[in-house]
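Enquirer: So the protein lines, in turn, are chains A and B.
Start counting the first sequence at 1; every next residue gets the next number (the UniProt record's numbering).
Start counting the second sequence at 1; every next residue gets the next number (the UniProt record's numbering).
Calculated directly from the structure, the hints in this document are not laboratory data.
Source: prediction; values computed, not measured.
Just to be clear, a hint being listed does not mean it is correct.
Below, a list of computed lysine to aspartate or glutamate pairs in the EDC-like style, where the Cα atoms sit at most 20 angstroms apart [said to hold, decoys possible]: (1) Lys323/B / Glu469/A; (2) Lys323/A / Glu469/B; (3) Lys131/B / Asp45/A; (4) Lys98/A / Asp432/B; (5) Lys323/A / Glu454/B; (6) Lys323/A / Glu473/B; (7) Lys98/A / Glu436/B; (8) Lys98/B / Glu436/A; (9) Lys323/B / Glu473/A; (10) Lys323/B / Glu454/A; (11) Lys131/A / Asp45/B; (12) Lys98/B / Glu69/B; (13) Lys323/A / Asp472/B; (14) Lys323/B / Asp472/A.
There are 2 protein chains.
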Amino acid sequence: MPDGDSTNQDAKRQRSGRNQRRETRLGGGQGVKRPYIVRNIPTYDILSDESLSRIEATADRILAEIGIELREDAEAMRLYKEAGADVTEQSADVWRIKFEPGMLREVLKTAPAEFTQHARNPANSVRIGGKNVVFAPSYGSPFVMDLDRGRRYGTIEDFQNFVKLAQSSPWLHHSGGTVCEPTDVPVNKRHLDMVYAHIRYSDRAFLGSITAAERAADSVEMARLVFGEAFTDQNCVVMGNFNTTSPLVLDGVTTSGIRTYAAANQGSIHLPFLLGGAVAPLTIAGMVAQGLAESMASCALTQLVRPGAPAILASFFSSMSLKSGSPTFGTPEPAIGSLAMGQLARRLNLPLRCAGNFSTSKLPDGQAMQQSMMSMMSAVQGGANYVLHSAGFLDGLLSVSYEKLVMDTDMCGALHAYLDGMEVNEDTLGFDALAELGPGQHLFSTAHTLRHYETAYWDSALNDDQPWETWDEQGGLDYAVRANARWKKLLAEYQAPALDEGIDEALRDFVARRKGDMPDMWY
Amino acid sequence: MPDGDSTNQDAKRQRSGRNQRRETRLGGGQGVKRPYIVRNIPTYDILSDESLSRIEATADRILAEIGIELREDAEAMRLYKEAGADVTEQSADVWRIKFEPGMLREVLKTAPAEFTQHARNPANSVRIGGKNVVFAPSYGSPFVMDLDRGRRYGTIEDFQNFVKLAQSSPWLHHSGGTVCEPTDVPVNKRHLDMVYAHIRYSDRAFLGSITAAERAADSVEMARLVFGEAFTDQNCVVMGNFNTTSPLVLDGVTTSGIRTYAAANQGSIHLPFLLGGAVAPLTIAGMVAQGLAESMASCALTQLVRPGAPAILASFFSSMSLKSGSPTFGTPEPAIGSLAMGQLARRLNLPLRCAGNFSTSKLPDGQAMQQSMMSMMSAVQGGANYVLHSAGFLDGLLSVSYEKLVMDTDMCGALHAYLDGMEVNEDTLGFDALAELGPGQHLFSTAHTLRHYETAYWDSALNDDQPWETWDEQGGLDYAVRANARWKKLLAEYQAPALDEGIDEALRDFVARRKGDMPDMWY
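Input sequences plus hints: build the corresponding full structure.
Expert: Shown next as structure tokens:
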């Protein structure tokens, strides 16, 4: 059992979170902080069962008739073959793997529908799957941006800053993984500094490395130093975020990394990054069918390695600019695709990673927030359980923006209130509030208003809702400029969460030893 | 019959619109232009039937036990009383009207669930209700803004500019009403210049005046000059947008205006503008119950005047900043309320106006678009049929922004594609696209891509999706600056739609005569 007895514990925490809510929703950008969101509104289901069945049938047909190309991982080939897949050798180290319709669904039945990823601070452990929603910052950008210094390559200092900023926000739940590429650290050693930074500067759950099997193994090993060997073997304490090579390819670096996480009973995310017209059909139905096929094939490998290991179905949909051929993010068609992907994940009974705060804007401006909101709404409405790229994403994922990160975390706060939905009971229906003074009388002073006013509404830390005159007197600052001041304030006020000194020392020893084992590699 | 035989005609137009779609979705910010949207995805229903029933029961209880205060309209009082309401005189010209549970629902049964508002260009007539979605620009701001001149009182020139900009956009469907207050025209004559501007500079449907019964009558009279007396008596050609005086008051200016439109068989919108904690309970369930009660009472008056006259249920929800007590717009709680209001309107079988592109930002920045998107998504997902404030809204409705107007119309374009949802058929599932070249091969050159690439995706006229380097070389402009250039270009290129000279002359004569009849009033 990957969850041990954490379900009861989680349920208890969740209940206490709900009780806490009314007490602690105080203004000033604070609010209903919780370790993760349990959605209280239904998902937005846009496709009929018939349409969903057609998409599933197409995914099955892709897997059965075209198949997946597997490269340079004979062990993965052997596992698929033993499970009953039809394997044809295409050349040395390249195989075409075909799956009978229904075969992968059968294999995936041992994967948990929900699981807990433990954080080093138990209060921050997250439940992934079902009605739960977990927000994590952006992932994988080589560049970083801020209003002062513009766009530049990311460094380990930027990486640490982003981990600290994410940790500072009550509205993120997970520390993420490669928040930016620390390009000043050798390629083969980055993962050590990144994993260490997540553990040192955050006490939330995090993602490990996936860029090579040994880096995946190092990530798991560092998690073991924090959580202990026995606990790690029975519980998810680190996850890897794996990309398929679309269309329809799994390369050996990916599959060996997936096998490493699964063998250690750790979680993995299985993401086709689908750019319509380039690596997928540009019609959304086809893109979704392909995404489902690729992610199922990738997820299934985990169950062949270790049945019960946590696996997260995933898709990242992007459209294309008809003018330039550039990828476009935060557009309506991918948002629709993400809603459909949510329905398909629930039919498959697997947790889902989908969408996020996507944008192609190069500045934290109106375009950025309009695109982000369309994309992010599809994530939370579609029932995505793990939302990577919840904060910081700009420039078509090439850059993480300091300002956008704090804008997005503020939006994540709004989405907490949104997903709480509407309580309908005698008190919230407020008949007495209207009856107290009657028609034509303001309700400012009613007992109902006084009882609720501190907790009724989510309160933004970043929006300016003041009258124009006040705003103007205070300098007439736009949202980006206010965000610039805010991330600096948060960084200045940041305090690292306590970390056991023995663990810290063991981690630093491990990092130093592994760095000493290898010459620097810069590509 | 308010609709005449327009239903068939509309259905035909709708079908031809759908056929047209595949042919005309071409890039460059053009796309699937249509006279209005017929949604192809379901509404987002977040409340259970039980919760909806409780809200309805509370609305009924408000109407039965507290009642509505009616001021200074003895004729409206007489109509409610004759229909069976319980009327108590509170003072001279002030009555408390109470309605037995279910009474107003019975009265509202004669109101059409869908109707057509005719435009002077028949191709632009809009169908309101059911699965139809109609976007109209912002309404009622005293101030206007642009990046060059900042914030200032609106003038008739601004008003005309906004009508022209709205007409230029393929993504709006309706010319709206008081897009801004033309404060350089006397208060008692503004309506004449506004209605004339809508007719002269737009060939879409529009809203008339509601600020006094005689101004409502003038608006209807001007519409008659365009559409003819007989046609106007049998068809909706103008509508009025009426606000209740929350909480729970209907004043005589409003009710006499409502009676004027209804008697002429013209449409009316019945809007409680609910600021939680000020004029409504600050719990959303209570706000929605009150909104339903007020709007039902106001809508019902139309049916007492002329059964079958078009009436639109409406609500405008706003939250409150806990820091300053200022109203906040584009926040999560009102978005949830709007989704619920959609469900209630469908149960009542009435068209709905709800939400829009709301924001409290004072600039067309990230805050503006994040708030707008959250609010606007609730409108289109919740099934609002007439979305006033679809473009230009800033500054908590105190200002219309030139830049925001073109940003919002671009977003309205994205929402056209969003509401089209996902076609799932053999072609869109794209199996052949993947099979053609197989795993690992880009799809740029497949027959499927070549067949679809011009029409697959909505194409923004304003977003910058280019690579960072290209964008930087072109000046690194932010969204607001690009929007500034765009509205100027659109105004420069604007061409007035043809208007029959006889009609134009009759309108100008009417305006001149009515202006001559009255001394200027400035308050």
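Enquirer: Each hint: holds or not?
Expert: Okay, the hints, checked on the actual structure:
no.	hint	in the structure
1	Lys323/B / Glu469/A	holds (16 angstroms)
2	Lys323/A / Glu469/B	holds (16 angstroms)
3	Lys131/B / Asp45/A	holds (17 angstroms)
4	Lys98/A / Asp432/B	holds (17 angstroms)
5	Lys323/A / Glu454/B	holds (9 angstroms)
6	Lys323/A / Glu473/B	holds (18 angstroms)
7	Lys98/A / Glu436/B	holds (17 angstroms)
8	Lys98/B / Glu436/A	holds (17 angstroms)
9	Lys323/B / Glu473/A	holds (18 angstroms)
10	Lys323/B / Glu454/A	holds (9 angstroms)
11	Lys131/A / Asp45/B	holds (17 angstroms)
12	Lys98/B / Glu69/B	holds (9 angstroms)
13	Lys323/A / Asp472/B	holds (18 angstroms)
14	Lys323/B / Asp472/A	holds (18 angstroms)
Consistency note: the structure conflicts with none of the earlier hints.
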